[in-house]
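Assemble chain B onto chain A, guided by the hints.
Number of protein chains: 2
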Amino acid sequence: MSARYDIDGLVSRLDGIKTETNPALVKQKSRDFYWYSPTLKRQLDEVSGDVVVSPKSRDEVVRTLEVAFALGIPVTPRGTGTGNYGQAMPLSGGIVLDLSLFNAVTEIHHGRVVAEPGAVVAAMDKTTRADSRQEIRLHPSTYHTASIGGFIAGGSGGVGSIRWGGLRDAGNIISLEVVTMEASPRVLTLTGDDLHKVSHAYGTNGIITKVEMPLTPAYAWVDVIHGFDTLREATEFANSAGEQDGLLLKELAVVAAPVPHDHFKRHRKYLPREKHLVLAMVADFALTPYLAFAARHRGSELLFRNDTLAPEDAKGLPPVFELAWNHTTLRALRDDPTITYLQVLYPFPNQVELVTRIHERFGDELPAHLEFVKFDGKVTCFGLPLVRFTSEERLDEIMAIHEEMGAPIFNPHRYTLEEGGMKQTDEVQLAFKREADPQGLLNPGKMIAWEDPSYDYRSGKTFLFRGLAEA
Amino acid sequence: MSARYDIDGLVSRLDGIKTETNPALVKQKSRDFYWYSPTLKRQLDEVSGDVVVSPKSRDEVVRTLEVAFALGIPVTPRGTGTGNYGQAMPLSGGIVLDLSLFNAVTEIHHGRVVAEPGAVVAAMDKTTRADSRQEIRLHPSTYHTASIGGFIAGGSGGVGSIRWGGLRDAGNIISLEVVTMEASPRVLTLTGDDLHKVSHAYGTNGIITKVEMPLTPAYAWVDVIHGFDTLREATEFANSAGEQDGLLLKELAVVAAPVPHDHFKRHRKYLPREKHLVLAMVADFALTPYLAFAARHRGSELLFRNDTLAPEDAKGLPPVFELAWNHTTLRALRDDPTITYLQVLYPFPNQVELVTRIHERFGDELPAHLEFVKFDGKVTCFGLPLVRFTSEERLDEIMAIHEEMGAPIFNPHRYTLEEGGMKQTDEVQLAFKREADPQGLLNPGKMIAWEDPSYDYRSGKTFLFRGLAEA
Numbered sequence: 001m002s003a004r005y006d007i008d009g010l011v012s013r014l015d016g017i018k019t020e021t022n023p024a025l026v027k028q029k030s031r032d033f034y035w036y037s038p039t040l041k042r043q044l045d046e047v048s049g050d051v052v053v054s055p056k057s058r059d060e061v062v063r064t065l066e067v068a069f070a071l072g073i074p075v076t077p078r079g080t081g082t083g084n085y086g087q088a089m090p091l092s093g094g095i096v097l098d099l100s101l102f103n104a105v106t107e108i109h110h111g112r113v114v115a116e117p118g119a120v121v122a123a124m125d126k127t128t129r130a131d132s133r134q135e136i137r138l139h140p141s142t143y144h145t146a147s148i149g150g151f152i153a154g155g156s157g158g159v160g161s162i163r164w165g166g167l168r169d170a171g172n173i174i175s176l177e178v179v180t181m182e183a184s185p186r187v188l189t190l191t192g193d194d195l196h197k198v199s200h201a202y203g204t205n206g207i208i209t210k211v212e213m214p215l216t217p218a219y220a221w222v223d224v225i226h227g228f229d230t231l232r233e234a235t236e237f238a239n240s241a242g243e244q245d246g247l248l249l250k251e252l253a254v255v256a257a258p259v260p261h262d263h264f265k266r267h268r269k270y271l272p273r274e275k276h277l278v279l280a281m282v283a284d285f286a287l288t289p290y291l292a293f294a295a296r297h298r299g300s301e302l303l304f305r306n307d308t309l310a311p312e313d314a315k316g317l318p319p320v321f322e323l324a325w326n327h328t329t330l331r332a333l334r335d336d337p338t339i340t341y342l343q344v345l346y347p348f349p350n351q352v353e354l355v356t357r358i359h360e361r362f363g364d365e366l367p368a369h370l371e372f373v374k375f376d377g378k379v380t381c382f383g384l385p386l387v388r389f390t391s392e393e394r395l396d397e398i399m400a401i402h403e404e405m406g407a408p409i410f411n412p413h414r415y416t417l418e419e420g421g422m423k424q425t426d427e428v429q430l431a432f433k434r435e436a437d438p439q440g441l442l443n444p445g446k447m448i449a450w451e452d453p454s455y456d457y458r459s460g461k462t463f464l465f466r467g468l469a470e471a
Numbered sequence: 001m002s003a004r005y006d007i008d009g010l011v012s013r014l015d016g017i018k019t020e021t022n023p024a025l026v027k028q029k030s031r032d033f034y035w036y037s038p039t040l041k042r043q044l045d046e047v048s049g050d051v052v053v054s055p056k057s058r059d060e061v062v063r064t065l066e067v068a069f070a071l072g073i074p075v076t077p078r079g080t081g082t083g084n085y086g087q088a089m090p091l092s093g094g095i096v097l098d099l100s101l102f103n104a105v106t107e108i109h110h111g112r113v114v115a116e117p118g119a120v121v122a123a124m125d126k127t128t129r130a131d132s133r134q135e136i137r138l139h140p141s142t143y144h145t146a147s148i149g150g151f152i153a154g155g156s157g158g159v160g161s162i163r164w165g166g167l168r169d170a171g172n173i174i175s176l177e178v179v180t181m182e183a184s185p186r187v188l189t190l191t192g193d194d195l196h197k198v199s200h201a202y203g204t205n206g207i208i209t210k211v212e213m214p215l216t217p218a219y220a221w222v223d224v225i226h227g228f229d230t231l232r233e234a235t236e237f238a239n240s241a242g243e244q245d246g247l248l249l250k251e252l253a254v255v256a257a258p259v260p261h262d263h264f265k266r267h268r269k270y271l272p273r274e275k276h277l278v279l280a281m282v283a284d285f286a287l288t289p290y291l292a293f294a295a296r297h298r299g300s301e302l303l304f305r306n307d308t309l310a311p312e313d314a315k316g317l318p319p320v321f322e323l324a325w326n327h328t329t330l331r332a333l334r335d336d337p338t339i340t341y342l343q344v345l346y347p348f349p350n351q352v353e354l355v356t357r358i359h360e361r362f363g364d365e366l367p368a369h370l371e372f373v374k375f376d377g378k379v380t381c382f383g384l385p386l387v388r389f390t391s392e393e394r395l396d397e398i399m400a401i402h403e404e405m406g407a408p409i410f411n412p413h414r415y416t417l418e419e420g421g422m423k424q425t426d427e428v429q430l431a432f433k434r435e436a437d438p439q440g441l442l443n444p445g446k447m448i449a450w451e452d453p454s455y456d457y458r459s460g461k462t463f464l465f466r467g468l469a470e471a
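Protein sequence lines correspond, in order, to chains A and B. So for the first sequence, full-length UniProt numbering puts the first residue at 1; every next one is plus one. So for the second sequence, full-length UniProt numbering puts the first residue at 1; every next one is plus one.
If we strip away everything but chain A, and leave its shape as in the complex, we get (with noise of 0.2 Å):
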């Protein structure tokens, strides 16, 4: 792809900032977890860029984007390259740029914390913790590698949910510091709706260079797993234990047999097969209500709490939050390539309903993944379900059969914004973009209003950007 851009003369005016044009470590650095999607995994397995440059500051970013501009090259900024839909892959190529050393946390008060975006969550959290007992309200499962910019910038949500709801929501993200890419890069700062320019938007309208999160206390959050016989308990337990107000929980979700028995391994031996799990954290000092909560549901069986194992036995174990969101996919794929995943939402009211109707429709097709989250002011749950593939013709159907019975589908085998999310126009980052980046050259191909005003991703077919359809 180099010919196409002048990467020599890029590396030569970017002296003093880190770059990398060794093709092997270029492709490496060009790759996120696309390799979930058998879709995806078809679509970009080819995708790299030509040279990895990875500022230390604000000012060296902003002197990349304006070189880039200078010389017409696509950027397309990372953090620690965690996502799942190719988000951060570079489809016409040019910059990678990385941010992942760029990444200090820079001021720490009583209820928030200013960081760059390279700061991996679980170093942010390490920092907060010593400083003042805090730490971030909502993490991904790849707590320990991904970084809060790539968070913010192409994730929605996670771990802490069922408290706060997602990154969307108003107070769960303070400010954004960006650079815009033009000729010469501005440095705004977002605050309020403003957010919704630049978060969840891949990167194609901005650089985030700073983040002001909320803290939440940081207490001992103790993991515990229940067991039951149907799913229908499990999902009925876990819904009713999400809307407990005075429980402070961190994490809820169901994960369906004979998933975690099957691949959760550390933890076989307390998890019989034929067990439908409810995987929490709880704080500390709400864990003698919670089990009371548990001991008086119908069918349940405590299997597994991590704060009275004895040493020998704690040695090794993750923690429960690697064993739920995409890390429960992550677990079963490692043993078994066959499996993929949907995104799905059952939404509130019907919730416990629909995931029951669903699964016994599609039996061990579909193993169930419940996370439970709030979702505008109320208890709700995402799927995050195995799949076992056959073909993307099936996947598909099985996606449209999920829309049928009213769970809509965010769809993890695209790499657009739209067609992963909300299947419209997002137009206030449409318009984001037109006055930040004017010549479209931050991450090509993943806004397809941007790409293509004309396109129907409504049709059912997939988008196919110009620029990977070339390469």
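Be aware that one or more of the hints could be misleading.
Some chain A residues near chain B, calculated using beta-carbon distances under 8 Å [said to hold, decoys possible]:
1. 108
2. 112
3. 169
4. 170
5. 214
6. 244
7. 248
8. 289
Rather than coming from a laboratory, the hints here were simulated on the basis of the structure. Every residue gets a Cβ at the ideal spot worked out from N, C-alpha and C, and that includes glycine.
For chain B alone, coordinates are given in the frame of chain A:
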């Protein structure tokens, strides 16, 4: 009344424990805010104990109960007497057990506090804030005067309920230590579901001698008031603000025009008479998103925020929570003694519609006052509407119309647990009373199921306790 009981014998056997028999002082300590209700005022105005006993430790409580049991003298416990239903008024005379001197904060941990029952909530918060910037989750509007034990025994929720639900919700009380009323009083520690035995039982079945409560961060809370042209708009705004899972609020209320202008005197200059208000307490770091959220809401006008006031304007202004819950009632009542109030639940999901219909029906006879809360995992509102009182018959009629329209009433004009609450026997509390107070000496007259098991308190009549009838 003292002819009935051997008060002299009691006082001499309690040597070393503070007692008071001066009738004027005893009468003062025999009262609460029962006079909010014209009905209770008529019924309870003459109620008085015979002696006030003020233990300062658990041992002194145990000794008092032991002697009282031996002499057959009733014991009515009380914190600081900030209840509204005569909960702590000694209907059979005898001992007023004043726990206000038994008030130390004994332990502070990350996420929880242990205290003696007489500790005033504001004093506890002062201690936990200084120790580790933590505070109690829930408190009544009588924050500066109410004791924690009295709140647990006689209250149900309040400031903080928009985030945590009510005291009845699992996790909002961690443990309680209780002393029984037997020949040899036992000391019991209750956790989990057992907490329901004595919380909100008015001290009828045990004396709380230690409380363990969860703590939450003591952020800098900002008072914010928005105005709206219609009650409907104010209600809709409050409801949707309550459903913003990421916005950290501690209080969220609606007070209809013209109550705020007429009765919130120190805030009057900020409050146009025709505006319906939404009162909120917002964490400082959530202020920008809260104001952005409000700004995009139809018809909202920012009337007041206390974080940008000049010092001379801030001076003497009460906090917004002292305009809310029963302080709304108190402020109106002080100006106009013909005003009283109700307690209403507008059940989810019809709360906005129900509020609108009910208040359209009653107009200015019933100025709206709504307190938004989490209730079984959803946002809804309680009402503490003011009532321009004409007669007890009309008051009953207004309540009956509420119930017909689908809004259950928690009658604040009754002194019994059943009539003021769920209108059914609490079998758990009754069973525990049989065990912990076999002679029925604790707070006589408040639990109908104990006093007169055959009484039909759904008959529409008012229960009149024999002891009170005799007096």
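Here is what the structure says about each hint:
Of the supplied interface hints, the one on residue 108 of chain A is violated, with its beta-carbon coming no nearer than about 12 Å to a beta-carbon of chain B, more than 8 Å. Checking residue 112 of chain A against chain B by beta carbon gives a least distance of about 5 Å; that is within 8 Å, so the hint holds. Interface hint at residue 169 of chain A: satisfied, since its Cβ lies 4 Å from the closest Cβ of chain B, which is below the 8 Å cut-off. For residue 170 of chain A, the interface hint holds, the least distance from its beta-carbon to any beta-carbon of chain B being 4 Å, beneath 8 Å.
Because the beta carbon of residue 214 of chain A sits about 6 Å from the nearest beta carbon in chain B, less than 8 Å, this interface hint is met. About 5 Å separates the beta-carbon of residue 244 of chain A from the nearest beta-carbon of chain B, less than 8 Å, and the hint is met. With its C-beta approaching chain B no nearer than about 6 Å, residue 248 of chain A sits inside the 8 Å limit, and its interface hint holds. Hint on residue 289 of chain A holds. Least Cβ distance to chain B is approximately 4 Å, under the 8 Å limit.
Violated hint for the displayed structure: number 1, the only one.
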